[in-house]
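Undergrad: We have chain A already, so just place chain B on it with the hints.
So the protein sequences, as listed, match chains A and B. First residue of the first sequence? That's 0 in numbering that gives the first Met the number 0, and the numbers climb one at a time after it. First residue of the second sequence? That's 0 in numbering that gives the first Met the number 0, and the numbers climb one at a time after it.
Simulated from the structure, these hints should not be mistaken for lab results. Please note that the accuracy of each hint is not assured.
To be clear about the criterion: a stretch of chain B counts as covered by chain A if any three or more of its residues have a C-beta under 8 Å from a C-beta of chain A, and this derived list gives those stretches [as the list claims (entries may be wrong)]:
1. 23-37
2. 42-55
3. 66-73
4. 127-140
5. 214-226
C-beta atoms are modelled at their ideal positions from N, C-alpha and C, and glycine is treated no differently.
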Amino acid sequence: MKKAQLAQLIFSLFLVYHLMAILIMPNPGSYVERHFGFLFYGYTSTLGINTPWQFFSPNPATKMFYEYEIIENEGSDSLTQTYRWPPEKNHTNMIGANYKRLIYHSWYTTSSEERKSKFLMNYLCRKHPSAISISLKSFSEKVPPMERFRFDKLSLAKAREYKSWSIESFDCPQMNEESENARPSDVE
Amino acid sequence: MRVLQMWNKFWFESGDSYSLGLFRLVFSGILLVTQSLRFLEFSLLYSDSGLLPFSLAKTFAPPNYQPLFYWFPENDIALKLCYIIYLGFLLAFSLGFIGRRLCWLILFFHLMFIQRNFTINYGADLVSNFFLFALCFTNSHRYFSLKKKIFPNWSMPPSHWLDSVGLRLIQVQLCVIYAFTGLEKMKGTEWWEGTAVWTVLTNSQLAPFDFSFFAYVPLVVVAMTWATLLFEVYFPVVIWFRHLRPYWLLLGFSFHAGAAFFMSLPFFSMIMVSGYIVFLSQDQWAWFIHRGRQLLKFES
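Extracted from the complex, chain A is given alone in its bound form (with noise of 0.2 Å):
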């Protein structure tokens, strides 16, 4: 055999593995994924190449985003001051592509309850380091279907709802003792 020849049949089971991972691993949480994906997990997620294909889907997500107060002193003279996670993009000074990001960071920061509080807690608390505590209020807005907004006739400003869903608290103080000399970047 020539030695192209040989080349191109030991690529070509590279190129079987490839497409079997590209193929399995988008699906996650599948039979075939539970039982064979240990075989090209370390190979994709070193890639980053492991990543499910979920583009506005299965529906596209609303808009969320979390009030938070700080709460900065105990007892009867707390102050507390309440700010807005991702902040309003006329808020900031950030170009578009950028904002996009922080939406994303904080959609994967609260995706669950360990990372709301590891992560996303984590830079709020060194974002205000006179903060004790945070207590954050998760919101979702919602627009009415095509059909009500006809027939209601409002502005899209007005017809928006917004619901809250879940109000936590957060203490700071251990994260401010570990991270004195992180005071963290702002959104400009």
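TA: Chain B only, in chain A's frame:
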């Protein structure tokens, strides 16, 4: 044996250096712009005092999604230096100075920053991983390259069967992306109802303007919703029919142009559309360029 012959023909005998070169030029140019813009927020996105400190960066991905090893430096200055080197390599790559071997270095730097902060990556970054990986198998600088002009003595590497592999990997990956995302959408009630695009158009985090007027032309919303579904689900099948291919690519171009405008996703759209380049042959591109010049009256 016939299957083996078809396999070999598909993977190893389909290299079109012209399309690869054009794809390299366009894709790496877009990547250079997006990565340069991302650099503007380096401090917030990648420094230790930013969104994700070094101490937590390696704990974000769940166990099955952890890379075998991480290779980003845990030092702000070193990381910034790596970013600047990465941009330099990207520029050289887009101008056609870098071939197969050094492309792996670009992938190395690209993944460095993917790993550094998983929380800020989105579609454009993820698709770029695949495209860069595929380009690592190719000498995509045989066409659309400044290297020959600046170094006349440089001998262009001959076409290689790995060029074909890279091209096919890009094509197959696009089919996989559309197939999975289209089939995922079919689980969603809003896509079946025909109202999914309304949700997108009225999401103030995505839509740059007030598109609520679409409520008064609801059939347009339904058409856009179902066209999206049909385009994605049937892409992996239709794209392999030579006579239907240009029309389906045109539909895809319209689809992504709409996403760029209505959802403020210009870079993701451009990266996806850049992948379409490899579906057309050199002759087809020559025809497009000729028609374009005729329309612009550069040629008679």
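Undergrad: Taking the hints in turn, state whether each one holds.
TA: Hints, verified against the model:
Counting residues of the region 23-37 of chain B whose beta carbon lies closer than 8 Å to any beta carbon of chain A gives 3, which meets the minimum of three for the stated coverage. Residue count for the region 42-55 of chain B with a Cβ under 8 Å from a Cβ of chain A: 11. That meets the three needed, and the coverage hint holds. Note: the region 66-73 of chain B has 3 residues with beta-carbon separation from chain A under 8 Å; the three-residue rule is met and the coverage holds. Given a C-beta distance limit of less than 8 Å, the hint that chain A covers the region 127-140 of chain B holds, as 3 residues qualify and 3 suffice.
With a cut-off of 8 Å between beta carbons, the region 214-226 of chain B has 4 residues touching chain A; three or more are needed, and the interface restraint holds.
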